[in-house]
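Using the hints, position chains B, C, D, E, F, G and H against chain A.
Protein chains: 8
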Amino acid sequence: MNIKRLEGLLKKVKSGRASIDETLAQLKSLPFEDLGYARIDHHRSLRKGFPEVIWGEGKTSGQILSIMKELKSKDQNILITRLDAKKARAVQKAFPTCRYSPQSKVLTYPTHPVRTEGRGTILVITAGTTDIPVAEEAAVTAEFMGNRVETLYDVGVAGIHRLLSERKRLEAARVLIVVAGMEGALPSVVGGLIDRPVIAVPTSVGYGTSFGGITALLAMLNSCASGVAVVNIDNGFGAGYMASLMNRL
Amino acid sequence: MNIKRLEGLLKKVKSGRASIDETLAQLKSLPFEDLGYARIDHHRSLRKGFPEVIWGEGKTSGQILSIMKELKSKDQNILITRLDAKKARAVQKAFPTCRYSPQSKVLTYPTHPVRTEGRGTILVITAGTTDIPVAEEAAVTAEFMGNRVETLYDVGVAGIHRLLSERKRLEAARVLIVVAGMEGALPSVVGGLIDRPVIAVPTSVGYGTSFGGITALLAMLNSCASGVAVVNIDNGFGAGYMASLMNRL
Amino acid sequence: MNIKRLEGLLKKVKSGRASIDETLAQLKSLPFEDLGYARIDHHRSLRKGFPEVIWGEGKTSGQILSIMKELKSKDQNILITRLDAKKARAVQKAFPTCRYSPQSKVLTYPTHPVRTEGRGTILVITAGTTDIPVAEEAAVTAEFMGNRVETLYDVGVAGIHRLLSERKRLEAARVLIVVAGMEGALPSVVGGLIDRPVIAVPTSVGYGTSFGGITALLAMLNSCASGVAVVNIDNGFGAGYMASLMNRL
Amino acid sequence: MNIKRLEGLLKKVKSGRASIDETLAQLKSLPFEDLGYARIDHHRSLRKGFPEVIWGEGKTSGQILSIMKELKSKDQNILITRLDAKKARAVQKAFPTCRYSPQSKVLTYPTHPVRTEGRGTILVITAGTTDIPVAEEAAVTAEFMGNRVETLYDVGVAGIHRLLSERKRLEAARVLIVVAGMEGALPSVVGGLIDRPVIAVPTSVGYGTSFGGITALLAMLNSCASGVAVVNIDNGFGAGYMASLMNRL
Amino acid sequence: MNIKRLEGLLKKVKSGRASIDETLAQLKSLPFEDLGYARIDHHRSLRKGFPEVIWGEGKTSGQILSIMKELKSKDQNILITRLDAKKARAVQKAFPTCRYSPQSKVLTYPTHPVRTEGRGTILVITAGTTDIPVAEEAAVTAEFMGNRVETLYDVGVAGIHRLLSERKRLEAARVLIVVAGMEGALPSVVGGLIDRPVIAVPTSVGYGTSFGGITALLAMLNSCASGVAVVNIDNGFGAGYMASLMNRL
Amino acid sequence: MNIKRLEGLLKKVKSGRASIDETLAQLKSLPFEDLGYARIDHHRSLRKGFPEVIWGEGKTSGQILSIMKELKSKDQNILITRLDAKKARAVQKAFPTCRYSPQSKVLTYPTHPVRTEGRGTILVITAGTTDIPVAEEAAVTAEFMGNRVETLYDVGVAGIHRLLSERKRLEAARVLIVVAGMEGALPSVVGGLIDRPVIAVPTSVGYGTSFGGITALLAMLNSCASGVAVVNIDNGFGAGYMASLMNRL
Amino acid sequence: MNIKRLEGLLKKVKSGRASIDETLAQLKSLPFEDLGYARIDHHRSLRKGFPEVIWGEGKTSGQILSIMKELKSKDQNILITRLDAKKARAVQKAFPTCRYSPQSKVLTYPTHPVRTEGRGTILVITAGTTDIPVAEEAAVTAEFMGNRVETLYDVGVAGIHRLLSERKRLEAARVLIVVAGMEGALPSVVGGLIDRPVIAVPTSVGYGTSFGGITALLAMLNSCASGVAVVNIDNGFGAGYMASLMNRL
Amino acid sequence: MNIKRLEGLLKKVKSGRASIDETLAQLKSLPFEDLGYARIDHHRSLRKGFPEVIWGEGKTSGQILSIMKELKSKDQNILITRLDAKKARAVQKAFPTCRYSPQSKVLTYPTHPVRTEGRGTILVITAGTTDIPVAEEAAVTAEFMGNRVETLYDVGVAGIHRLLSERKRLEAARVLIVVAGMEGALPSVVGGLIDRPVIAVPTSVGYGTSFGGITALLAMLNSCASGVAVVNIDNGFGAGYMASLMNRL
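Chains as they are written, first to last, in our numbering: chain A, 1 to 249; chain B, 1001 to 1249; chain C, 2001 to 2249; chain D, 3001 to 3249; chain E, 4001 to 4249; chain F, 5001 to 5249; chain G, 6001 to 6249; chain H, 7001 to 7249.
Chain A extracted, bound-state conformation (with noise of 0.2 Å):
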């Protein structure tokens, strides 16, 4: 339609029907988004090979089915993040290929298959058992964005010696992600001993004075360790999200 417009605008100048100067007047108050300014995102994710992202929580099943159908298309990859195990069923009911993870909440819809572009791998690491659930969505989220992930769990810093004897492991890594809740220390040993960049992602794991994460997240963000950059609590999506950004550069 604006492109029609614009079109016709330029087949007027063409035709001599306009002047250049009644053409330029037009031009200069046309709403920029008539120049298809809007659809440049529209193809982002395409040309990234970045999968279309649905936050779950807060709608309806029929709501992200539809969602889904829209996005299948136009062979867009999906990832569904905060999404209840009922939610889920009705989903991979409508599309069986789906893959669900009951753990991170994150379900995958690959419409085509995920090519590997990130350079080299994601290692995502956690203070405890309980921040797996955390982990898990980063880890799949970085997987399904195209990047080779590794996970290293319960290596938390009361117990130094389980996180130095996996140092190697470490070292290997292009990124890592560090999940923990409680002290949320474990970001500083790691960005520590390692010239890597580190995501740190605070937990909401603890009880009394974890306030539900904030002790975490205020521990990463004083982290003494240069290089630990932080996301929101729980935000494993966000982590894996930003780790393949730098997993591509």
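Below, a list of computed lysine-lysine pairs in the BS3-like style, where the Cα atoms sit at most 25 Å apart: (1) E/LYS4012 / C/LYS2014; (2) F/LYS5093 / F/LYS5069; (3) G/LYS6093 / G/LYS6059; (4) D/LYS3014 / G/LYS6012; (5) A/LYS86 / A/LYS59; (6) G/LYS6011 / D/LYS3011; (7) A/LYS86 / F/LYS5086; (8) F/LYS5012 / H/LYS7011.
Calculated directly from the structure, the hints in this document are not laboratory data.
From a predicted model like this one, the values you see are computed outputs, not experimental measurements.
Quick look at chains B, C, D, E, F, G and H alone, frame taken from chain A:
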């Protein structure tokens, strides 16, 4: 420059040196700023008759003077907020027709006369006498933006008759700004008495659990009276600006 | 009773049984409530054409129905906010002409037709789709208070072109309500684009450090754009009411 | 027993079986509780005519019943706060003369008639109707502690005339309890109108930034009216108890 | 003027130029402030024998002196709180009979002798020696409002015997003010020992997590002893005022 | 295994099958855990006679059972905290010699008898009866870690004589754990009475501004008594563990 | 005096001048402090060999000197904390044998030699160099209370090998004090390495979201290592005192 | 040295002077740092070409100079952050080739030329002019760590066209650092426009409810744009360091 580029494109179309399809492609990839979009903002204050605003805090008098010179050359009225007395003296030396209010720390520099374009009266009310500096910031701002402004000070809720005895003035205003610290209750009472929009301004007046204005802010956000909206703590300028927009409706 | 006492006083004056001075003294000492003062309020909504508002939360359907019956007898339009679906069904059974919006939890009961007295259009904007219920509360309120209302949903700042492509609608509005959760950035962008008052409504959409809307609220209070005032978290009703007052100016 | 021990010591002194120095040393090492100190507390409520108070929350009905039986055997009046309806039914089955108020969740069990020993009237005021359960907790407590209690509900500051029209009742009270949620402004207005002590009770009524009563609490602590003191959020019992102590002065 | 209007109305009634019904209608619509309502407040402190209170903080000595002159002309006793030493010197120069307490920063100016109208003794207690300035503010206020005041300092809970050894003085008081910083535990212990109302005053004494008195405030609001109400942090004046109201009951 | 590898290396050196330089290189590249470092941890609880601890929250009974089987095979005593009743039943079915305390939600499974190695008595004190579940968690933990444990419940500061009358038991303890919610004052009083280390445990008992234990926590951190250290809210286990370490000193 | 009174009572009993019943009544009514109870506290520090402690903050040098003179006359060792350099000079002038540490702001005045009564070594560890003043406060306190103290500074978790390389010293200590600001992770790592009680001291070192030590405090309270208890922010003295109590066990 | 010790052990094994068992025992007890572990850290900055970093705050110029001398002797480049002007002058006197930026308070001392090893350009963006000092800290850090750095200042969201008109520069960057105070919305908009990792830096610019940068921080953590991670408030250095690690990927 952009205009020239556009002109060139059109000339090529006209002369047949470029096809319509080629030109369409180029037009779509033109960054929109090349269409002069950015200039709309440029003319906004002139069109509206609003002054240009400079936040005085954290700028040296040298920086402020050079911004003022540039704006003066465009015949803009200038309003500087949060300007301490020392910097104000430096500015007044260079621009002797400035007016400076030490209480509100606002400096106004009219390069052309202010036209009253606000339709009604803006009434600025305070709970106590220590709230007056913030109220004055609002009053000076609104006046300099072209409004009739009246003030009604020290009518806090602990002596409710002081407010009630001025009910006629409350009802005569088109927009009301209510400034209060401590428990911040005044906007609720005012909002319950009249049917005009009330802009509530919490101040940092108080001690202990007044928390530098947070208590007043929270009270205002939870007003049981409808028709109250809130700005940041001590933000007299913001209230004056918002009231000016309303008074032009 | 008070009326009778007043009447008695006047009769004594008339008949000469009381001097004017004596009567003056007595009148001055009369508590003002004896003068029927309280009734002024009673007529406020009728005069303005505003509906009576009932806060549905924490009231039983029985309580609500009895209030409605009383108001209906006075031919008042009625707006009930925060009414859950179960109570709404009970109300609709008794008053079949009610309209109930399950999304916004608002019930409207027009005992007489709503007259559009607002001068321009109120535009309600949301950052995301999960902000829509709060936006709908604002929209229904404003409409029922006699305004033309338009909506523009899901134009959050992470895809800024979505907003920019609707710039004409932004500029056509007389008052804007901007509803956003998470980082609450949308009102700043909108406030920077147009010269109309913006009412910002933070929502409790988000997780982790969104703190149930506090982050959005704080961001809105600290907007770098002038012309933005804020209401309580999820307070769509308050925004709709405030916008209605503005739109009658 | 302690008395016996003391008696024994003195007898030994008298009879010369123990030297004065030995006895002095023993007396100094006597734990003070052996002097009957602890018993003072034991008789406190009986002396004052106050009921014994049981905090119902977190106790099973079994536990409550066994405490009640023990207290009944001492002819104590009993007041149970925060008792849910289910437990109340169990208590009422065992003690049919109990009275239970489902709204305030208070159960009273008079083993003997309550004597009115408070000198004046305690007036309990609320800002809104949703504050009434907390107010009732205060009222029932004060009544059961031997006071005349009156109530004045739904006179919040957004319709200030509602309060002002009841000024005579305010002035007739000896002690006032003012209960309010949301912005918590009512105690300031009441405290400014009368010269009697005001006990302010913040309630958890509200949403968003009411923060479960914190906003009301902060507002009350920062009251610009003198003569206001504050109790914990929703602590109707505490206010009723405090008022009772005052009303016996 | 209002009086004249009223007089006119009555004259018309008397002369038969206005019917009683017409006059009634007009009287009902008279704004109450026209009835001289505001003057009631004007006489409050004179009637009660209370001093006028000036909040010294944020006022210049010039402003304070001019308020004092006005009040002196009405033969009012004057109490100034939060007055720093420098301003106090200026005031004492002009009014040599003033008394100034540098510790509590309170200045009292008796234009006429203070009459002791409080019925019993107000006892002011502190936990530590650093709490004394706040306690003195309370004590001076209560004394100047006509009460017998005693003090009991440095009897904090870490040496509980210090308090217990003064139990007789505790029991002799009619009203108690308990001032404490740090963990704010003293009011709970005092409230458990006696059957009189306790006004708890948190102070900003402490460091780290004392948060400028918030910890003490929270502890006092959560007192497990009944009969404790709380004022703002460091609000010795408020406690003294509240205690004075109680001691007149 | 590591030992075997090391042994192999040394044998090769000894037999001349490997040069010293080669062996040096291999030794340097050996991950340090291969040197048995990691095993120190492995044997820690056995050496000390401490049980292995499992945090029951967030683990399924299946997961818990499989951990228990593994630990049992190593003849470890097992302590499970925060285990709800339902999971406990499943565990007890599989390991009938378990003991489960529903109040403290602690399950203990002694694979071998607990030896009392703590030197003195650990005394666990509570302010109220609702603090008992947390106290029990501390008591069971300390007992299972080889200590004599005594308890003294419901001796809060509002009835200070209850505590004072037990002074002998306080003085007989080697380490004290003091558990309190609400205003959290008890550790200050206990710490002032005795010269032994006090571990303070805030509990989430209370309502309103008790903020789920934060008030108690803050009060304890600000204790005016020396010799008090604090653990997380409701962390009875942590207090019991800490006390056990102290009691072995 | 009390002793004399008691002696008098007993002599009367012995001589028959007073009956046993009379004497019993008098003994029971004796305030317990008359039994010398208060003196127990008086002798506490002497018995234990502990110094008397003065909190220097908020006291004038005059006040401090007069307290010191009184204590000196009782041959008490004196420890003054939070004493600024200026006051320290005044004290040192009067008591030249004082030692003052400007870094920790602690002044010690030994009126008699300190005897080492602590059984083992107290090790004071810091994460960074800016934490040292707080650590020194702890170290000086512990030393002056009769302990062998060692220090290990700047072994924060971002360079974990610095800590690990000192493992032998960690294991040699009987009690550990771990001082850290920023993310406060060090106590968790230390607590995981050794089986001795760890006292964690958060410091106000950091900026932004370190919130003056709150982040470190929260992290320490949420330590995933058992055997860690926490004192107030910057409370080196409290840690030193607590460690001293432990080291005497 | 360690190598020598190891070599010695092996020689003894080879020669038969030590048994394999004895040697095994010694090897196991070798502290791991003796294996050269600690040195890895020692060489880290040299290997990477990174400068050594000194946190200038809280160190005297004397301390700083002595650290610098030591580092210079190792031919390390040195970066000092948060160094005030006075200390900087002292440093520059001793090391005249230092460069000091008073705005960012960063001092750089190149002992050898910085090699550009970062692959692309790091773009540092600010919302306002008052955010520039923090941005400069980031820029200087990144440059000194071997990166091409560009800056784009004062493009905040209230004038969104300012940012959009620079879209090409945004897209040309490999890593972006976005610095903003107040409502902190800029990273969301930038993150939505480009597909590169964004490091968000909240600044303490603002007043009232900006809470010294907390509002901006929270907004950034809740960004609705993916690909954003956050560092501490005002932590320009941390952002520059993190970006450098990314730009070497």
